[in-house]
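Anchor point for the sequence shown: position 61 equals 94 in the numbering used here, and the numbering is continuous, going up by one each time.
Careful, some of the hints might be misleading.
In silico SDA-like cross-links for lysine to any residue, where the CA-CA straight-line distance does not exceed 25 Å [what the hints assert, rightly or not]: (1) 46 with 35; (2) 50 with 95; (3) 50 with 72; (4) 50 with 67; (5) 50 with 94; (6) 46 with 80; (7) 38 with 48.
Think of the hints as simulated: they come from the structure by calculation, not from any bench.
Keep in mind it's a predicted model, so treat the numbers as computed, not measured.
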Amino acid sequence: MDYRKIITVEPGKRGGKPCIRGLRITVYEVLEYLASGMTQEEILRDFPYLTAEDIQACLVSQNRGQTPKIKTRKNRGLSP
34 MDYRKIITVE PGKRGGKPCI RGLRITVYEV LEYLASGMTQ EEILRDFPYL
84 TAEDIQACLV SQNRGQTPKI KTRKNRGLSP
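Throw the hints in and build the complete structure from the sequences for me.
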């Protein structure tokens, strides 16, 4: 998957933060939802305009250092 076709950056939209397919939802927001414990299915239900591929692109972009790392409860030493 070429996540660069899904993750877009537009000056003036959401402060130039990476967004998904030009929508007004940022990669960071999706990663925060995942880090808070939401499942992919819950995110897709709450945001029906997103796809599983969109969420995967967010994860790939983070793993490649394109977005800031999100601290989960687990890697902060907190209980699940």
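Run the structure past the numbered hints and jot down the numbers of the failing ones, going up. none
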